[in-house]
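Using the sequences and the accompanying hints, generate a full structural model.
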Amino acid sequence: MTIRGQACIVGIFEHPTRKAVDLTVAEIHAECAAGALADAGLSHDDIDGYFCGEDAPGQGAFSMLDYMGLTKVRHFDATEAGGSSYLMHVAHAADAIAAGRCNVALVTLAGRPRTSKEPIARGPAPERAWEGPFSAATVASYAMVARRHMHDHGTTSEQLAWVKVAASHHARHNPHAMLRDVVTVDDVVSSPMVADPLHRMDCCVVSDGGGALIVTRPEIARELKRPVVRVIGTAEAAKGTNGGRVDLTHSAIAKCAPAAFAMAGIAPADIQYASLYDSFTITVLMQLEDMGFCERGQAGRFVADGGLISGVGKLPFNTDGGGLCNNHPNNRGGMTKVIEAVRQLRGEAHPAVQVPDCRLASASAIGGLLGGRHGGAVLIMERA
Amino acid sequence: MPTFPEPIIDAESRPFYEAAAEGRFLIKRCITCNEPHWHPRQLCPFCFGPTEWEEASGRGSIYSYTVSGKGADSAVLAYVTLAEGPTMLTGLVDADPADLAIGQPVALSWQEAGSARVPCFAPA
Chain A
1 MTIRGQACIV GIFEHPTRKA VDLTVAEIHA ECAAGALADA GLSHDDIDGY
51 FCGEDAPGQG AFSMLDYMGL TKVRHFDATE AGGSSYLMHV AHAADAIAAG
101 RCNVALVTLA GRPRTSKEPI ARGPAPERAW EGPFSAATVA SYAMVARRHM
151 HDHGTTSEQL AWVKVAASHH ARHNPHAMLR DVVTVDDVVS SPMVADPLHR
201 MDCCVVSDGG GALIVTRPEI ARELKRPVVR VIGTAEAAKG TNGGRVDLTH
251 SAIAKCAPAA FAMAGIAPAD IQYASLYDSF TITVLMQLED MGFCERGQAG
301 RFVADGGLIS GVGKLPFNTD GGGLCNNHPN NRGGMTKVIE AVRQLRGEAH
351 PAVQVPDCRL ASASAIGGLL GGRHGGAVLI MERA
Chain B
1 MPTFPEPIID AESRPFYEAA AEGRFLIKRC ITCNEPHWHP RQLCPFCFGP
51 TEWEEASGRG SIYSYTVSGK GADSAVLAYV TLAEGPTMLT GLVDADPADL
101 AIGQPVALSW QEAGSARVPC FAPA
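Protein chains in written order, with my numbering: chain A, 1 to 384; chain B, 1 to 124.
Bear in mind the hints are in silico, worked out from the structure with no lab data behind them. There may be inaccurate statements among the hints.
To be verified - Footprint (simulated), chain A over chain B, 3 or more residues, beta carbon under 8 Å:
1) 4–15
2) 31–45
3) 65–73
4) 78–91
Stated by the list, open to error - Computed spacing ranges between beta-carbons, pair by pair:
5) G69/B / R222/A: 52 to 62 Å
6) T3/B / S43/A: 36 to 46 Å
7) A101/B / G347/A: 43 to 53 Å
8) D181/A / P105/B: 41 to 51 Å
9) H15/A / E55/B: 40 to 50 Å
10) D45/A / A101/B: 34 to 44 Å
11) E55/B / I120/A: 29 to 39 Å
12) A99/A / Q42/B: 27 to 37 Å
13) A269/A / E55/B: 47 to 57 Å
14) K70/B / A269/A: 20 to 30 Å
15) R14/B / I220/A: 48 to 58 Å
To be verified - Partial list, computed: chain B residues near chain A (C-beta under 8 Å):
16) F48
17) I102
18) A113
19) V118
C-beta atoms are modelled at their ideal positions from N, C-alpha and C, and glycine is treated no differently.
Put into structure tokens, the structure is as follows:
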């Protein structure tokens with residue numbers, strides 16, 4: 001694929017301020033966006049791609065997408081490369097447009113180093129003045145989603161606990177896992193309450209560590225001595241508080257999973273193994289529904305009685321023990337999700353948890369705050 | 001009773017906290033599309049139109065909540081849906097956590113936060 005001639009720059013705006021005493025960084029980003037849109041003759045809802053560097057405040061792209069209300073965005077990229085970032089953003093936008101990832105891409109830059117001592121990269125979140133006084137812990141954001149799921153669907157703490165129980169059944173086979181003891185539903189619901197209704201054992205481990213992946217073109221992959229795992233579907237989305245139209249009944253995964261399955265040309269029911277981001281037990285429940293592995297509201301029933309245990313349940317998940325029992329390196333579980341899915345497709349998971357003849361697997365992940373601003377990404381992979 | 005850290009006020013939020021000091025609870029509404037939103041912004045998050053302040057009723061209902069901590073140290077974080085439409089992150093005060101429920105009516109209750117006042121809610 002060449003990007004030559006496949007993308008054009010149609011709108012520009014340079015902010016008139018040179019000393020932004022009465023503007024926040026987020027406001028400058030938004031005013032620049034509005035200015036470039038007006039210059040192009042396009043409107044707010046036309047934007048479906050967003051590119052920013054580390055000058056996007058708070059949670060970066062998540063914060064700015066939510067602040068600007070850009071809910072139609074289906075491709076974003078926060079490549080950070082100092083002052084050269086914005087040329088790369090144009091190049092990456094051209095790639096994305098050529099690949100059909102988006103049609104109208106917005107690139108923004110803003111900062112006020114002359115006025116403020118705030119760091120140039122990642123200044124305070126635009127919502128700091130509004131949400132800071134309530135000191136919401138990460139777990140509290142997820143707890144509010146869990147509370148809402150219980151209210152709407154009758155989900156119970158015991159059902160949430162089954163996610164942790166299933167992870168522990170897998171972790172006992174992983175010699176590197178932080179927590180290798182099998183736990184029961186009773187163990188989970190009698191562990192200390194952290195943020196009602198989430199208990200300590202509804203939360204993932206905190207671990208040091210890391211991971212890496214190599215991605216290449218099929219011609220090279222075929223020459224190598226390892227089983228070939230093809231990426232056949234990908235999609236991403238961001239979700240926030242949507243200008244106060246808060247809706248905790250789904251995550252960003254609901255916005256992108258259909259596109260990933262459409263690209264792959266398969267249905268959720270075809271997936272034999274799923275890596276599901278498990279920062280908290282509720283994170284798994286939301287993804288089961290958002291990925292289409294079960295009907296909306298049914299995830300609690302789906303996971304009960306070992307529904308996620310390999311060899312026992314309907315959908316084997318996180319056979320390494322997941323973030324709940326094995327590893328959550330640097331508080332970022334997406335890397336290990338991809339790694340375990342690849343092990344399954346290669347047939348290299350532990351024999352006790354290996355899915356027989358695993359040909360189709362998914363990995364899904366949620367970064368940020370499930371009850372606030374977060375991103376979701378889906379990968380669908382097949383063994384060649 | 002929880003204590004609230006002082007908000008770090010910026011140019012965009014200053015009018016809100018100045019009004020709060022006078023006991024007035026402001027939200028913003030778009031002049032172009034007429035939609036209210038939270039948290040307040042200079043440009044509408046639904047259409048990028050210009051926005052203006054308006055006084056809100058201070059009435060709402062609980063959308064979701066969570067209780068952290070125990071006894072005197074416990075705090076209730078919540079999303080409250082305002083009568084005007086937007087849902088905001090806030091704290092619930094003067095409430096026994098065991099008696100709270102999603103959908104319950106609540107009313108504005110200003111709480112001291114350093115030298116400022118922040119908008120919390122209590123059972124109505």
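Taking the CB of G69/B and the CB of R222/A, does the distance hold inside 52 to 62 Å? holds, 57 Å
Okay, R14/B versus I220/A on CB: inside 48 to 58 Å? holds, 57 Å
Hint check for Q42/B and A99/A - Cβ pair distance inside 27 to 37 Å: For A99/A and Q42/B the Cβ distance comes to about 34 Å; the hint holds.
Using the Cβ atoms, figure out if A269/A sits within 47 to 57 Å of E55/B. Once the Cβ atoms are compared, 52 Å apart, the range 47 to 57 Å for E55/B and A269/A holds.
Satisfaction of the F48/B interface hint, Cβ to chain A closer than 8 Å: This hint holds: F48/B lies near chain A, its Cβ roughly 4 Å from the closest one there, short of 8 Å.
Determine whether the Cβ-Cβ distance between T3/B and S43/A falls within the hinted range of 36 to 46 Å. holds, 44 Å
How does the segment 4–15 of chain B fare against chain A when you require at least three residues with a CB closer than 8 Å, holds or violated? As far as the segment 4–15 of chain B goes, the hint holds, because 10 residues have Cβ atoms under 8 Å from chain A.
Between D45/A and A101/B, is the Cβ distance one that fits in 34 to 44 Å? Given range 34 to 44 Å: holds, Cβ gap about 36 Å.
Taking the CB of D181/A and the CB of P105/B, does the distance hold inside 41 to 51 Å? holds, 45 Å
Can you verify the interface hint for V118/B: is its Cβ closer than 8 Å to any Cβ in chain A? With Cβ-Cβ at 4 Å, under 8 Å, it holds.
Three residues or more, CB to CB closer than 8 Å: is that satisfied between the segment 65–73 of chain B and chain A? Contact hint for the segment 65–73 of chain B vs chain A: holds, 4 residues under 8 Å.
With a cut-off of 8 Å on the beta carbons, see whether A113/B makes it to chain A. For A113/B, the interface hint holds, since the closest Cβ of chain A sits about 5 Å away, which is under 8 Å.
The structure is inconsistent with the numbered hints 9 and 14, although it conforms to all the rest.
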